[in-house]
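Take the sequences, apply the hints, and build the full model.
Protein sequences, first through last, are from chains P and Y. The C-terminal residue of the first sequence carries number 429 in full-length UniProt numbering, and the numbering is unbroken. The C-terminal residue of the second sequence carries number 429 in full-length UniProt numbering, and the numbering is unbroken.
FYI, nobody ran anything at the bench for these hints, they're computed from the structure. Treat the hints loosely; a few may be bogus.
One copy or two, it doesn't matter: identical chains are merged, so the pair holds either way.
Unchecked claim - Below, simulated BS3-like cross-link-like pairs (lysine-lysine); rule was C-alpha separation at most 25 Å, straight line: (1) Lys382 with Lys114; (2) Lys382 with Lys282; (3) Lys125 with Lys114; (4) Lys423 with Lys382; (5) Lys282 with Lys114; (6) Lys25 with Lys365; (7) Lys282 with Lys125; (8) Lys300 with Lys311; (9) Lys365 with Lys402; (10) Lys30 with Lys365.
Listed here are the chains, written in short residue letters.
There are 2 protein chains.
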Amino acid sequence: MIADLSPADLDAFIARARADFDAFKARGLKLDMTRGKPSPEQLDFSEGMLALPGNRDHTTDAGEDARNYGGLQGILEVRKLFAGPLGVKPENVVVGGNASLAMMHDVIVWALLKGVPGSERPWGKESEIAFICPAPGYDRHFAILEEYGIRMIPVRLTGEGPDMDEVERLVRDPAVKGIWCVPKYSNPTAECYSDETIRRLAKMETGAPDFRLFWDNAYVLHHLTENRREILNIVEECAAAGNPDRAFVFASTSKMTLAGAGLAFFASSDANVKWQMARASKQTIGPDKLNQLRHVRFLKDEAGLVAHMDKHRISLAPKFKAVTDALQARLGDTGAATWIVPEGGYFVSVDLLPGAASRTVALAKEAGLALTPAGATWPYGKDPEDSNLRLAPSFPTLADVKTAAEGIAICMALACAEVEKAKRLEKAA
Amino acid sequence: MIADLSPADLDAFIARARADFDAFKARGLKLDMTRGKPSPEQLDFSEGMLALPGNRDHTTDAGEDARNYGGLQGILEVRKLFAGPLGVKPENVVVGGNASLAMMHDVIVWALLKGVPGSERPWGKESEIAFICPAPGYDRHFAILEEYGIRMIPVRLTGEGPDMDEVERLVRDPAVKGIWCVPKYSNPTAECYSDETIRRLAKMETGAPDFRLFWDNAYVLHHLTENRREILNIVEECAAAGNPDRAFVFASTSKMTLAGAGLAFFASSDANVKWQMARASKQTIGPDKLNQLRHVRFLKDEAGLVAHMDKHRISLAPKFKAVTDALQARLGDTGAATWIVPEGGYFVSVDLLPGAASRTVALAKEAGLALTPAGATWPYGKDPEDSNLRLAPSFPTLADVKTAAEGIAICMALACAEVEKAKRLEKAA
Numbered sequence: 001m002i003a004d005l006s007p008a009d010l011d012a013f014i015a016r017a018r019a020d021f022d023a024f025k026a027r028g029l030k031l032d033m034t035r036g037k038p039s040p041e042q043l044d045f046s047e048g049m050l051a052l053p054g055n056r057d058h059t060t061d062a063g064e065d066a067r068n069y070g071g072l073q074g075i076l077e078v079r080k081l082f083a084g085p086l087g088v089k090p091e092n093v094v095v096g097g098n099a100s101l102a103m104m105h106d107v108i109v110w111a112l113l114k115g116v117p118g119s120e121r122p123w124g125k126e127s128e129i130a131f132i133c134p135a136p137g138y139d140r141h142f143a144i145l146e147e148y149g150i151r152m153i154p155v156r157l158t159g160e161g162p163d164m165d166e167v168e169r170l171v172r173d174p175a176v177k178g179i180w181c182v183p184k185y186s187n188p189t190a191e192c193y194s195d196e197t198i199r200r201l202a203k204m205e206t207g208a209p210d211f212r213l214f215w216d217n218a219y220v221l222h223h224l225t226e227n228r229r230e231i232l233n234i235v236e237e238c239a240a241a242g243n244p245d246r247a248f249v250f251a252s253t254s255k256m257t258l259a260g261a262g263l264a265f266f267a268s269s270d271a272n273v274k275w276q277m278a279r280a281s282k283q284t285i286g287p288d289k290l291n292q293l294r295h296v297r298f299l300k301d302e303a304g305l306v307a308h309m310d311k312h313r314i315s316l317a318p319k320f321k322a323v324t325d326a327l328q329a330r331l332g333d334t335g336a337a338t339w340i341v342p343e344g345g346y347f348v349s350v351d352l353l354p355g356a357a358s359r360t361v362a363l364a365k366e367a368g369l370a371l372t373p374a375g376a377t378w379p380y381g382k383d384p385e386d387s388n389l390r391l392a393p394s395f396p397t398l399a400d401v402k403t404a405a406e407g408i409a410i411c412m413a414l415a416c417a418e419v420e421k422a423k424r425l426e427k428a429a
Numbered sequence: 001m002i003a004d005l006s007p008a009d010l011d012a013f014i015a016r017a018r019a020d021f022d023a024f025k026a027r028g029l030k031l032d033m034t035r036g037k038p039s040p041e042q043l044d045f046s047e048g049m050l051a052l053p054g055n056r057d058h059t060t061d062a063g064e065d066a067r068n069y070g071g072l073q074g075i076l077e078v079r080k081l082f083a084g085p086l087g088v089k090p091e092n093v094v095v096g097g098n099a100s101l102a103m104m105h106d107v108i109v110w111a112l113l114k115g116v117p118g119s120e121r122p123w124g125k126e127s128e129i130a131f132i133c134p135a136p137g138y139d140r141h142f143a144i145l146e147e148y149g150i151r152m153i154p155v156r157l158t159g160e161g162p163d164m165d166e167v168e169r170l171v172r173d174p175a176v177k178g179i180w181c182v183p184k185y186s187n188p189t190a191e192c193y194s195d196e197t198i199r200r201l202a203k204m205e206t207g208a209p210d211f212r213l214f215w216d217n218a219y220v221l222h223h224l225t226e227n228r229r230e231i232l233n234i235v236e237e238c239a240a241a242g243n244p245d246r247a248f249v250f251a252s253t254s255k256m257t258l259a260g261a262g263l264a265f266f267a268s269s270d271a272n273v274k275w276q277m278a279r280a281s282k283q284t285i286g287p288d289k290l291n292q293l294r295h296v297r298f299l300k301d302e303a304g305l306v307a308h309m310d311k312h313r314i315s316l317a318p319k320f321k322a323v324t325d326a327l328q329a330r331l332g333d334t335g336a337a338t339w340i341v342p343e344g345g346y347f348v349s350v351d352l353l354p355g356a357a358s359r360t361v362a363l364a365k366e367a368g369l370a371l372t373p374a375g376a377t378w379p380y381g382k383d384p385e386d387s388n389l390r391l392a393p394s395f396p397t398l399a400d401v402k403t404a405a406e407g408i409a410i411c412m413a414l415a416c417a418e419v420e421k422a423k424r425l426e427k428a429a
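As C-alpha cells, this is what we get:
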C-alpha cells in the first residue's frame, strides 16, 4: 500500500515508476483510448449490411414501400425484433434515426418547450429545473443538460446504481424533473443497477408530478462474459408501482451493427409513446425505413441478434482483460486505485487517489497516450476529487490496448505516488 | 363565365355538372391526390442504391471509416456534390439525416431555446414572436410554428413570391423573427421568386436584428420542363446587402433519390453553420455517413444528378399536364378557377371561387377522391376565402391521375356553380 510506505520506500517507488514512465515514453507511441468506438474488426461483423437490403427488396411485412415517406413509428418487424431487449410490446417502441442521443436530446427539448404527460406546464416555464446525474456518468448526457441550462446534481454510484437514499431525498424537490440512468453495464463504471435500486427508482415519491427516469439502456446486450446479466424491467416496475409513465427508455444498435448507421429506439408507456410521436410528427414524416429493413434482413431474429452480439463479446473481452490485468499488475497492491472488472459495456472506470486523475492524463499525454480528460465523467467536467478516469479499450487493436494499458497503469502509479508524496509534504509543512 | 350565366343557364350548368358528378361517382373509384409522394416508378430510378455502397466500400475520400461514429458536418464528397445546387461552398453545407423538415424543426427549436447568431436572447424569452407565412404554403412548415406557439402572419403570394410591400411593412416589427420561403417552384403554387423579390428579401430592413429567411429550396432541381429555371443565390444576395447571416437554406434528396432514405442539407453563412453545428453536436455524434457514401456512389457527380432528375421530369411532366389539361377543359372558360401551369415542383395549386374549396373536397370525397383538406395550405388551416386547393399528382399512375383530375375538375365545376347560385340567392334574399 502506497500510504503505508516509509518515506524512503515511497521515494524508491516513485523512482521506479519514473524510470518505467521514461522507458515507456521513449518508445514514442501514439495511442488513443478516449472514446467508446467499435473497432474496424467489430464493424466488419456487419459488413454484410452494406449491400442490403438489395435490389427489389424494399417491401415490409405489412406491404409498405420502405423507400417512400411515412411510417413514423418504424416498421413492425424491427419493433418486434427489439421489443424483447427493450422490455415492452412492439406497439410501445418507436424507431428513430441513427442516434439514440438525438432521441434523448429531442425528448428533453420537447419537455422544455411543451412538457411531458403529467406536466403542469412546459419544463422551460418552471422557475428552475434540475436533473440528478449519477456520477461518474456519460459526458454526452451531461452536455445536453448544460446546453439547456438544466442544473445537474451529481449523486455517487455505489456499485449497484446511484445512492438511493440520496436520490429519494433529492427527488422530493419539485424542481427535480429527471435522472440519467445507464442501468446495465453503466457508462463508465460497468455496474448494473440492483433489483432494489430499480424498485426504489420505480416507486419513490417525487415532488414533480412529471418526473422522468431517462433510462439509457445503451448496453442492454453488450455482455463481456457468458454470464449475460439481466436487470429488472423498468417499465413493468414503474407500472406496478403506480407510476406507469415514469420511464423513458432509450437504446440503439450503434454498438451492435454500425456505429454511425444504426437504429435508435425509444420505448415507454402508451401515453409517453403517443406524446413522443405527436412531437416527432412535427419534426419528420418518418425515419429511414430502408435502414430498418437492412437491419431485419441482416440480424433476422432475436437469436441472430444474440449470436451477433457474441462476436462483439469475443472480440472485446480480451481487450478489457488486458486493461484490468495491467491495472492489477501495477496497482493491485498499491491501494491507490479501484475499479470494477466489467462484465459488459464499453469502459473501464478507475478511481485513483484524490488529485491523481488529471496528473495521470498529463503524464499519459507526455507519453503519447490520449485519455479522456479528467473530470469528463462528472457534470460540468468537475470531478470533486479529481480521481476518476474512464478507459475505452474497444477501438485499438488488442496489441495496442495491451501496450496502452501498461503505459496508463505506469502513469497512474507514478501520479498516485507523486500525489501521496505531495500530501505528506503538505502535512509536514 | 359562370358569373355571367343567366339563372336558367346556371341551373343547366349545375344540372350537367351534377350529372357528370353522379356518373363519375358511380364508377366507385378510390384515388388519392393528397401528398407529394414520389411514385414507385420514380423510386425505381434509385433502386440501384439498395445494394450500395456494397461490401468493403466504406471509406471516404478523406480516409474516414463511414461505418463508425463521427463526421458531424457530413462527408466532403457529398458536400461538394450538393454545394452547387445549394449555392454555397462545401464548407458551408451541413448534411443531416433523412429529413430536411427535421433540420428546419431543430433550427427553430434551437432558436427558441438558445437564440441564433445576432440574437439578444433566446427567441423563447421574447414576449412574443411571429413568422411571416406566404400563403398558400406548406402545411408542415406551418405545423412547426403552431406546435411552438409562434404567431403566423399570412401574406399573399403574387406569382413571383410574397407581396413584398406587405413583407417589408411587417418585418419592421421586432417580434417578426422569420419568414418561410419555398423560393423555387413554391409549394403549392409552383411560382418562382423573382430577382426583385429575392433582392428585397435580402436587403429589407428588419426590426429584429436576428431575423431569418427560412429558405426551403425543396425543389431546387425539380424541373418539369427543359426550361430549368434558376433563381438568384440568396446567400450571396444577403451577403451583398450586408446581411450575411440572414438566410438559412434547406434542401434534401428526398424527391431526388429515395423519399424516406434521402439526405437533408443545411447551408448558410460561416457564422450560421458554426452555430448549427455547435447545437447539433449536443444532439448527435454524426449523421449516417454510409447513406452519404451510397448517394455519392450512385449519383457520382453533378452531371449524374442532373441526368437523374431528368428521369423524374420525364415521369412527372405528363401527370402534371393531365391535371392542367383537365382543369382547362372543365374550368378554362368558367372564370371560377385559376392556377399556374407548374414548370417544376410537386403541386398544382388551384384558386376557386371563394367558398368552393371545402365544398369541392366534400364532393370529391363522396366520389372516392381523396384531396388535401381545404385550408391545409394556410396557417392554422384557415383559408380566409376557402378558395385554395392543392393537388398532388406525383404518386398515382398516369392513368389514375387522368381519371382523378377529370373527377376533381367535375367536383370543382359543380362546387363553384353551387357557390355562385348560393351567392345569388343570398343577394336576392
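Problem set entry | Violated hints, by number in ascending order, as checked against the structure | none
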